[in-house]
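Chains as they are written, first to last, in our numbering: chain A, 1282 to 1586; chain B, 1285 to 1740.
Do not rely on the hints blindly, as some may be mistaken.
Computed cross-link-like contacts, DSS-like style, restricted to lysine-lysine with a CA-CA straight-line distance of at most 25 Å [claimed, not checked]:
| id | chain 1 | residue 1 | chain 2 | residue 2 |
| --- | --- | --- | --- | --- |
| 1 | B | Lys-1359 | B | Lys-1295 |
| 2 | B | Lys-1305 | B | Lys-1331 |
| 3 | A | Lys-1388 | A | Lys-1368 |
| 4 | A | Lys-1368 | A | Lys-1430 |
| 5 | A | Lys-1388 | B | Lys-1331 |
| 6 | B | Lys-1393 | B | Lys-1415 |
| 7 | B | Lys-1415 | B | Lys-1368 |
| 8 | A | Lys-1368 | B | Lys-1305 |
| 9 | B | Lys-1359 | A | Lys-1407 |
| 10 | A | Lys-1368 | B | Lys-1481 |
| 11 | A | Lys-1407 | A | Lys-1388 |
| 12 | B | Lys-1393 | B | Lys-1359 |
| 13 | A | Lys-1430 | A | Lys-1407 |
| 14 | B | Lys-1405 | B | Lys-1331 |
| 15 | A | Lys-1407 | B | Lys-1393 |
Source of the hints: derived by calculation from the structure; they are not laboratory data.
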Amino acid sequence: MDAIQISHVTRTFGSVTAIDDLSLTVPQGSIYGFIGPNGSGKTTTMRMIVNIFYPDRGEIRLFGDGRPETSTDLIGYLPEERGLYQKMTVQALLEFYGELRSGHSVKAEVARWLERLELAHRATDKTETLSKGMSQKVQFIATVIPEPKLLILDEPFSGLDPVSAEAIRAAILDLRRRGVTVILSTHDMHLAESLCDYILMIFRGRKVLDGTLSSIQDRYGEDTIRVTAEGGTAAVQSLPGVEQIRDLGQIQELRLARGADPQEALRALVAQARVTSFSLMKPTLHDIFMRIAGPAAEEANHANA
Amino acid sequence: MRMHKVLTIAKRDYLATVRTKAFVFGLVLAPILFGGGSIGMSLLKGKPDLTDRHVAILDHTGVVADALVSAAREKNERDMFDKKTHRQIAARYVFETIAPAADAAARQKQLLALSNRVRSKQLVAFLEIGKDALIPPKPSDDAVDFDLGTNKKTDPDKAVSYYTNAGGIDEMRMWLNGPINDGVRLARLARLGIDLKRNPDLAASVRIDGLSLVERDERTGAIEAARKRSEFEVFVPMAVAIILVMIVMVGSAPMLQNVTQDKSQRIVETLLGAASPFELMTGKVLGSAAVSVTSSLLYVIAGVVAVNAMGVAGLLPLTIIPWFYVYLLTDVVMLCAFAAAMGACCSTPQDAQNLAIVLLMPCVIPMFMLVTVLREPNGMLATAMSLVPPFTPILMLLRQAMPNGVPVWQPWVGLADALIFAVATVWAASRIFRVAILMQGKPPRLAEALRWALKG
């Protein structure tokens, strides 16, 4: 059974179409990453799944026949803009959110999660005394108590230090192992690549990518070369078949034109510089994102328009 | 609607409010602020200004001034000193008679000179008694008026003119009304040959006692004597209405700030992930209603104890208490829903502050109506206003608490109106709340908010 089925959903705000004819199927027990530039429609989509916004057209179904309005108790939602009641203690706040969703006491679960995310010693402190990282961990716990069937996390890692981020990542993976379906939005392409089973990219309200990372990469083929050569960027200028160079500092990333032969590029490079490393690969998610939504794509869109 | 969500939100908001110092201070401070005026007046009454009040009299009749001087002397002897302690408790009235000027030009100069004496505080006022003041006015001659409080343009020869720069309530002018008229009547009767000085009792005033209606005791069948009416008959209903206003304001005023705060601190979206906007708003309204009931317990118990201690318990029938609570809850629900919708439309505490005055209107307007209702509780204006839903809880309760009460149908009709209005307010507010709660930036215009209320 699929956790979410979104069918031809459109949502407008005044004259702005925030989501345009979006269809999506999220398999149960998977981690689905939503990527896209700011304002592309990720948060609107999440809000419609949680039933905060209603679609103008189309339909959203959760866990088979369930409609969002009758399924909110199954969902844990961590919004992008999140705050805490400043005068409540950590313990009281988490019990409040847990009871609000479940209707019963969640004391034991609160204690377990506080222990797990190393916040037990702050349980009786007011939330206004917490650091930003600690507040985000508390917000995460508030989202997963009681354990939801569907977890929707809008940029859960923004502003977290590596240690806290790792703790949240481990918790998400653990929840997925227990059958929880996770949707998360992120601007961190490496994280999306490493954490998500499926990736959806929304751009200007429309779905532009959807599938596993490898299926998305397969569409582009092995058109990317990573090279380390003496002379850096200067050494890779004017290579045959290379249409774009991206300087990563110690490494240069080259994108081949469609149909170009990487061997020719390698021969030309070796002829003019000492090469330390050369690898042919599929484009990264970051590269794909930039091809769709980067400045070059914007210029091309304007030119076509 | 899932009640466990509503109750969880209500419980959190209730505890968050009643556990604050502000709530406890509010409970204590509200009565002090409302009663501050009366307390101030009582304190000032205990320390009156004992400076002599000098008044000059220009008496063109030549006979009235003497009556005023002797009336002032009698008042001083009667009121100036406390009978037991012999301590001065009232200012002395000192009247000096001045010969009026002979012609018009000299009169103007004389009036100016006396005005300057008032300005330099040598006098508090001066009187000019017209030469024809003793001639009784004709029924058609409505310009002649001895009421010194009117602004009617009168013929100065037929009137008594009172010149002063005193502001506010002028006790001297109020007191003069009696002695001047007594003096004028005395002079008129003297002209007719009746000498009241020889028969002073002829002019003695008769006291009027205000009494309640005679009633038959339902148990014994005996006819009970009317009881003497007191000022508490006005004070007690007024106090009941003011207590209701205080509790409604304590319960509903924080809602606007609370919703705006939840919105600006980004708490709302997390809550909306777990509860629908209607559940969220209903929970908040219920929490505020619980706060109001909590604060009401203090005031109601204190009020009942106070009226018993003052021996005026009979003036406040206990049947008013259920009405008090019905009106309290109706008013709080109405105002809180309204406040929640307005709070949802605001993005900053400043926006909320600007709208706070609108929220206070259903409490402030009835307060302005208090005197009108107390004067004529069953008059057309009082009846009509008490049937206007936003004002019904306060004004109908005030009228019900008065000795004459109201026709039986009126509270029920008023309550039905108020309940329908409250339900409509909650319904419309929840629609505005749902649309506005996640919006940021400039608050919507009234037309836009109304469109949300009607179309969702």
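State the violated hints by number, sorted upward, taking the hints as numbered earlier in the document.
The structure conflicts with hints 1, 2, 4, 5, 7, 9, 10, 12, 13, 15, although it agrees with all the remaining ones.
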